[in-house]
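Asks: Listed here are the chains, written in short residue letters.
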Amino acid sequence: MINKTVSTVSEALEGVQNGMTLMLGGFGLCGIPEKAIAELVRLQVTDLTCISNNAGVDTFGLGLLLQQKQVKKMIASYVGENAEFERQMLSGEMEVELIPQGTLAERARAAQAGFPAFYTPAGYGTEVAEGKEVREFNGKMHVLEQAFDADFAFIKAWKGDEAGNLIFKGTARNFNPNMCGAAKITVVEVEELVSAGSLDPNQIHVPGIFVQRIFEGKDYEKRIEQRTVRSKT
Amino acid sequence: MINKTVSTVSEALEGVQNGMTLMLGGFGLCGIPEKAIAELVRLQVTDLTCISNNAGVDTFGLGLLLQQKQVKKMIASYVGENAEFERQMLSGEMEVELIPQGTLAERARAAQAGFPAFYTPAGYGTEVAEGKEVREFNGKMHVLEQAFDADFAFIKAWKGDEAGNLIFKGTARNFNPNMCGAAKITVVEVEELVSAGSLDPNQIHVPGIFVQRIFEGKDYEKRIEQRTVRSKT
Amino acid sequence: MALDKNGIAQRIAQELKDGYYVNLGIGIPTLVANYIPKDIAVEFQSENGVLGMGPFPFEGEEDADIINAGKQTITTLKGASFFDSATSFAMIRGKHVDLTILGAMEVSQTGDIANWKIPGKMVKGMGGAMDLVASAENIIVAMMHTNRSGVSKLLKKCSLPLTGVGCVKKIITELAVMDIGPTGFILRETAPGVSIDEIIKATAGDLHIAEDVHVMSF
Amino acid sequence: MALDKNGIAQRIAQELKDGYYVNLGIGIPTLVANYIPKDIAVEFQSENGVLGMGPFPFEGEEDADIINAGKQTITTLKGASFFDSATSFAMIRGKHVDLTILGAMEVSQTGDIANWKIPGKMVKGMGGAMDLVASAENIIVAMMHTNRSGVSKLLKKCSLPLTGVGCVKKIITELAVMDIGPTGFILRETAPGVSIDEIIKATAGDLHIAEDVHVMSF
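Residue numbers (the working numbering), protein chains in the order written: chain F, -2 to 230; chain V, -2 to 230; chain Z, 2 to 219; chain L, 2 to 219.
Do not take every clue at face value.
Quick list of the computed label-pair ranges, beta carbon to beta carbon [claimed, not checked]:
{"hint": "1", "chain 1": "L", "residue 1": "Gly55", "chain 2": "V", "residue 2": "Lys69", "range": "38 to 48 Å"}
{"hint": "2", "chain 1": "Z", "residue 1": "Glu199", "chain 2": "F", "residue 2": "Thr225", "range": "34 to 44 Å"}
{"hint": "3", "chain 1": "F", "residue 1": "Gln41", "chain 2": "V", "residue 2": "Glu133", "range": "32 to 42 Å"}
{"hint": "4", "chain 1": "V", "residue 1": "Gly77", "chain 2": "F", "residue 2": "Gln41", "range": "38 to 48 Å"}
{"hint": "5", "chain 1": "F", "residue 1": "Ser192", "chain 2": "V", "residue 2": "Thr43", "range": "47 to 57 Å"}
{"hint": "6", "chain 1": "V", "residue 1": "Gly136", "chain 2": "L", "residue 2": "Ser153", "range": "23 to 33 Å"}
I should point out that these hints are in silico values taken from the structure, not numbers from a laboratory.
Every residue, glycine too, gets a C-beta built ideally from N, C-alpha and C.
Build the full structure now, drawing on both the sequences and the hints.
Replies: Listed below in structure tokens is the structure:
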């Protein structure tokens, strides 16, 4: 068994530098790498390009990096929940590339799986296709999209073992599995780190081969963005 | 819950006709749809194009269809275990298209996921690339490969529920998950069919949306091709 | 009288068929889940990675790890499953999702849709909308017929940046049910108490009146 | 004296590094697993969908659902995982597998490899070999230096249909360890008791002798 554990978040983020391209898992505030983001804030690295479906809210998630003006460019599909984001985008302080959500997922998966490019129908005839090759297959137009090329991927899983095998919970899974192995170094934080052999090999969501470093985080906040409930009566 | 259960294998194979293109899960004899193959033999449908990693052995798996001369064309990555296959191929009775194993898996996944085509490095500079577009990405040559287009996919899973959710066991998983939803109709046979709600939603290998029909098969033979063991002493 | 949002949702729910997997957008589409006919089975997919969505959780039972694409806490029903984003969009792009219901800022008479960007204003992003409209065989737009200033949202040609081209099949508004025909919108149904003239006035694109045009029934 | 198959496997095992994920082909490569240095951790991947392969099962404990790519019954070690074929080749194509060891019928001095087809004879197919050789950064060919008729398998140019182009980095045979250099094979190590002349004679392609050529040590 190849052991991927590191003991601290700073060890996990060793090598992160200004100007790097980072991928971050999560959908909204669900399944985001809270500990890695906190460490990025502490490290004060700047000029980052962040690939993430959303940009957090003003006071949590990627919003924390935006507050510190650490992000040079954001690649996302939806960024509607963040006032500081809006300010930086409209003022031109931050570059923003908006791409379709399925394309974002697949550009990550392509990087993970060693495909340089693929054709998707999403975005044909829109701004998203501008400057890109378009091509007809089976009577339908498609856009050629490229794999991402990132330095680090920051992933949040529910459980993980020493070998880097991961299990996610509920919709906190989202982009996390697709981003594992999609960057040069994949750093995973888990709520519970267990010994190799304690997870059923049949029930691993992401095999450890896609992971370089894994550590256990404590006291996850897991903030809820839209608390919607029914009354019991 | 949308119920996908059918009660018999003949109901599951309703609509299979001469000349159709079929995908079949399995690697060697591991994880093959035994019951569907037996029914294809019983139905005596002919001129089939079969997409499957292997072609079985003379007396089991796809070999049973070959014995009956039901296969017009075989698309596979490795066919070395089958004397009747060799005879039909060398005599020209059967057309054979050999493709790289990873390309086979991904052409299935592309069909499942709605991608018409993708670029892969596998096969560049070989017979496999003949007549196909090749293209350089990041200094490396790639071959453009197309999604499969099949009428039926025959899948073998370990457990499944009424909603068509599937769980596989060990390496009997192989191509099965990638072929689910990759054909117009996906037919799944399982060793154990359980009621909806009995499987953990977090531990489903293939969600039921990719499955049209599911049934429980009895008395699986699960023949072993190469029994390799250690002695206990 | 024009329908309210719940009325639109209720009319859209009539489009659901037994065995449909359905993706509901944010806003009016979300309300459709409240009006599923009793005698059919449908499952709701949310593109953030869940199939078989149920109602909101009871107070105190909400789970930060179980949300929908609107970031709302949800529950799941029997037969539900969770999956990653690539698999989720495989369901969408691979046409396994049978029906997509989403809102729009503008729809053109050729089925183009614009719903993600207003130049010069804050852009929230397209989320999964571009994948959904480019892939789905069956797209219903749920929206108000005109914007707050009374300007028609059913146009000859969209003025806003597009989300997708020639993809919308049906539009259901507070006034009418319309299909996209070869030469313009086709008026199929009118809301109870709404006149055809009223709908013509509220529609900037070419509008053909179907021979069998009739009042919506609920 | 030339090495036997186990000797070749033993020499190849010296190429394993701590933390390597390794894919072993059928034949000699399979034997490499028997010679892993004690002080390093490696994991074996089999392209049919398992990572963390262990030894063959004890008699009576074999499971038809747990096999390797050679269709042999196997076991798994702590930290193992099972996955589908697309994920398996994502590991290979995405360069997550660090080392591929496979057999060959022919290797050219530019690193081309032929190992899947002999025209006019039964063709078994390439299996995963084309994906492996097209993707791996680090490919070692394990084979006999000559075929049964004594004809060299190390050529200027392959005569058989190719499996991959310019991909082989190192060849280990019963006679020698060779790298692919810019203008031909480079002889790095000789098997104990095998002369350089013997190797030159058995090599049809251009063979350069490395300055520091030495005898393999075990």
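Asks: Evaluate each hint against the coordinates.
Replies: Here is how each hint holds up against the structure:
no.	hint	verdict
1	L:Gly55 <-> V:Lys69: 38 to 48 Å	41 Å, holds
2	Z:Glu199 <-> F:Thr225: 34 to 44 Å	35 Å, holds
3	F:Gln41 <-> V:Glu133: 32 to 42 Å	39 Å, holds
4	V:Gly77 <-> F:Gln41: 38 to 48 Å	59 Å, violated
5	F:Ser192 <-> V:Thr43: 47 to 57 Å	55 Å, holds
6	V:Gly136 <-> L:Ser153: 23 to 33 Å	32 Å, holds
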